[in-house]
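Top line first, the protein sequences correspond to chains P and U.
To convert, note that position 394 of the first sequence is 394 in full-length UniProt numbering; the numbers rise steadily by one, no gaps.
To convert, note that position 123 of the second sequence is 123 in full-length UniProt numbering; the numbers rise steadily by one, no gaps.
Among these hints, one or two may not hold up.
It does not matter which identical chain is used: a pair holds within one copy or between any two.
[To be verified] Straight-line C-alpha distance at most 30 Å; calculated DSSO-like pairs for lysine-lysine:
#1 Lys157 - Lys284
#2 Lys350 - Lys152
#3 Lys274 - Lys157
#4 Lys29 - Lys62
#5 Lys350 - Lys274
#6 Lys152 - Lys29
Hints were generated in silico from the structure; no laboratory data involved.
Small disclaimer: the values here were computed from a predicted structure and weren't measured.
Take a look at the letters that make up each chain.
Protein chains: 2
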Amino acid sequence: MQCVACGARYPPHPRLVRCPRCGGLLDVKVEPARPPSWRLWEQRRPGVWRYRELLPAVSGVKPVSIGEGATPLVELENIGRMLGFRRLYAKNEGQNPTGSFKDRGMTVAVTLAKAAGARALVVASTGNTAASVSAYGARAGLRRIVVVPRGKTALGKLAQSVLYGADIVEIEGSFDDALRAVMEAVGRDARLYPLNSFNPWRLEGQKTLAYEVVEALGGEPPDWVVVPVGNAGNISAIWKGFRELHRHGLIDRLPRMAGVQAEGAAPLARAWRKGLNEPLFVDKPETRATAIRIGHPVNWPKAMRAVRESNGVFTMVSDREILRAQAMLARLEGVAVEPASAASLAGLIKLVEEGVISSDETVVIVLTGHGLKDPQAMLEAGARRYVAAGVEDAVKLVTSLAGG
Amino acid sequence: MQCVACGARYPPHPRLVRCPRCGGLLDVKVEPARPPSWRLWEQRRPGVWRYRELLPAVSGVKPVSIGEGATPLVELENIGRMLGFRRLYAKNEGQNPTGSFKDRGMTVAVTLAKAAGARALVVASTGNTAASVSAYGARAGLRRIVVVPRGKTALGKLAQSVLYGADIVEIEGSFDDALRAVMEAVGRDARLYPLNSFNPWRLEGQKTLAYEVVEALGGEPPDWVVVPVGNAGNISAIWKGFRELHRHGLIDRLPRMAGVQAEGAAPLARAWRKGLNEPLFVDKPETRATAIRIGHPVNWPKAMRAVRESNGVFTMVSDREILRAQAMLARLEGVAVEPASAASLAGLIKLVEEGVISSDETVVIVLTGHGLKDPQAMLEAGARRYVAAGVEDAVKLVTSLAGG
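The whole structure should be built from the sequences, with the hints applied where relevant.
What follows is the structure in structure tokens.
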């Protein structure tokens with residue numbers, strides 16, 4: 001492992017989640033015990049662990065798995081036609097066990113935590129991460145503790161964690177206080193294992209999205225991968241996945257990465273536009289796309305590197321554009337996502353308009369979470385409702401709609 | 001096609017959804033154009049259409065597909081150990097595109113509807129069926145119309161249909177009135193295509209669950225398949241799937257089918273207990289497991305046949321047993337389901353206690369819908385909540401929980 005900030009190197013260990021010297025992010029480098037190959041992988045059942053040559057070595061425990069990964073790559077024929085694309089695809093991560101891409105990372109990180117003897121998982125999160133930690137902790141037989149600021153989270157957002165049997169600790173204070181409590185507790189008690197976004201082992205699982213995309217496209221990478229950016233871990237992980245395939249000779253070229261942020265929470269996109277090398281952090285991020293409502297993205301150094309190395313781009317879109325894209329995906333393609341996921345389609349549309357992405361390129365947009373994650377947003381899409389006074393009236397209404 | 005009630009035979013046609021002579025249920029018989037084989041199927045991408053030799057022939061249109069099927073068969077190690085099983089599995093249908101098993105059937109039925117020239121899909125439903133019809137209709141570019149009794153459905157239950165852009169017709173009357181309006185409208189206007197539970201083409205897609213189970217178990221069927229029973233289509237479809245594998249020499253024995261109903265909506269289980277050949281219909285079904293709250297199951301003749309032919313059983317469980325099973329699945333295995341799905345685990349526990357199912361048998365329980373389908377039920381599972389006055393207090397709390 002190597003620190004992204006100070007360059008210090010360490011032998012890999014599951015408990016190393018930040019640089020002990022400077023507190024910086026750590027990069028994981030996996031040296032495969034045997035050469036990875038498509039032929040080898042194809043013989044195994046689909047999912048994250050099919051690619052185990054490129055995952056961290058786990059000894060002594062079985063992978064903590066609930067059927068994550070192997071999500072469909074859906075061809076967006078209708079939207080593609082509208083935008084002039086012949087090869088436009090969506091990787092629908094909402095079909096993971098807890099309804100988001102987080103499960104890919106959690107299967108790896110929780111397996112390592114268990115192998116390292118952890119007794120309890122702990123995370124400061126109110127959203128998809130909390131749900132995923134709670135599920136994988138349950139599966140692993142580990143205690144799972146979710147720390148949230150008190151009074152700032154509707155319990156409904158934590159409904160999944162509740163069902164998965166997490167302990168919910170509500171702290172009088174801010175989200176930063178919750179995160180500080182997590183790190184402090186982990187420092188004092190080795191039975192605890194932290195799963196916040198800085199955990200580099202989660203990215204090792206998330207990178208398998210790249211492998212699946214290439215496999216589904218018959219061994220070829222796309223020209224562009226468009227990813228919603230919140231804490232910026234996913235775009236970093238996916239890029240790492242493609243780079244590793246390239247390094248091991250499994251693809252012969254690399255895609256370009258496009259990171260999409262919401263205008264009210266766009267520290268990376270705003271910095272990118274100005275040619276800066278560091279984010280323009282946002283203290284009070286605001287967007288309807290709650291899963292990417294993050295003003296201080298933890299993984300920004302990795303994400304900046306991913307976009308720069310890949311000759312990619314950051315962009316930002318308005319909430320209106322996001323919600324419009326959400327409705328387009330549902331109504332033209334039958335794919336329901338939470339608003340944050342739709343940022344990738346909104347971003348693609350913008351990048352096509354700006355001439356950055358051309359419609360003769362092959363594009364994959366990443367849909368990060370299921371529509372069911374945010375029932376309120378589904379309703380806000382607006383219903384066409386009609387009232388019928390009785391059966392005969394309903395029959396007339398229905399037949400007139402059939403012709404509409 | 002053949003009528004289950006009067007035995008009349010018809011050449012297969014997508015528009016035949018009930019017997020024109022007597023109104024009875026129709027059975028579909030697929031004659032494969034070439035012999036089905038595991039080797040053939042394994043070469044195709046996973047999902048419902050991999051098995052197309054045993055699906056209705058479709059000509060002229062591409063399958064209307066959103067990445068349905070290929071759901072994980074999750075080994076329930078922790079619950080299995082508790083019950084003494086060595087081979088206990090759950091087929092998690094919640095990981096389908098709209099979050100339930102309905103998608104398997106809809107991809108087939110909507111493809112046929114499109115091929116037959118339908119302009120609009122119509123269904124009377126407030127739940128998982130409406131969501132699935134709305135998604136596949138959107139994907140197919142067809143209008144989708146959901147008819148519901150007015151004032152009896154919270155719009156929240158229809159949130160998915162709203163996002164998928166369905167027309168929602170609210171009729172002053174009962175659910176039966178809604179269904180009557182659908183059938184009447186379909187009879188008058190050939191542009192409309194009905195997708196309620198009597199539609200036999202949906203079952204052709206749903207039967208692929210059996211194929212996937214056998215594939216995941218290395219070519220062997222389980223000893224038992226335990227299925228929640230509402231309108232009774234799924235248990236009928238799954239049994240049909242196993243029978244077809246057997247007929248074509250792809251398995252050499254058949255599983256036994258166990259159908260599980262909620263006590264307050266148990267027309268089949270109550271009839272079974274008394275040795276009757278017809279259901280004891282329930283006019284006011286009541287259960288927390290809304291997806292199986294059905295007193296007059298449409299597909300009862302097929303379901304009775306499935307259980308009888310397979311030397312299986314119907315049983316029923318209380319809402320308390322269902323909710324306990326739901327929490328067990330989430331907290332011991334990391335699998336979150338809606339209450340109706342948990343009926344299968346509750347039923348299994350009961351059948352083990354009664355000595356009907358033995359723990360040295362291989363059992364697959366079918367989990368029909370995702371936990372996110374019913375957020376309220378997730379919250380009702382009960383949270384362990386703690387309040388911390390500040391960071392230091394939270395640290396103490398978290399470390400004490402780690403040791404608990």
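Any hints this thing doesn't respect? Which numbers, in order? 2, 3, 6
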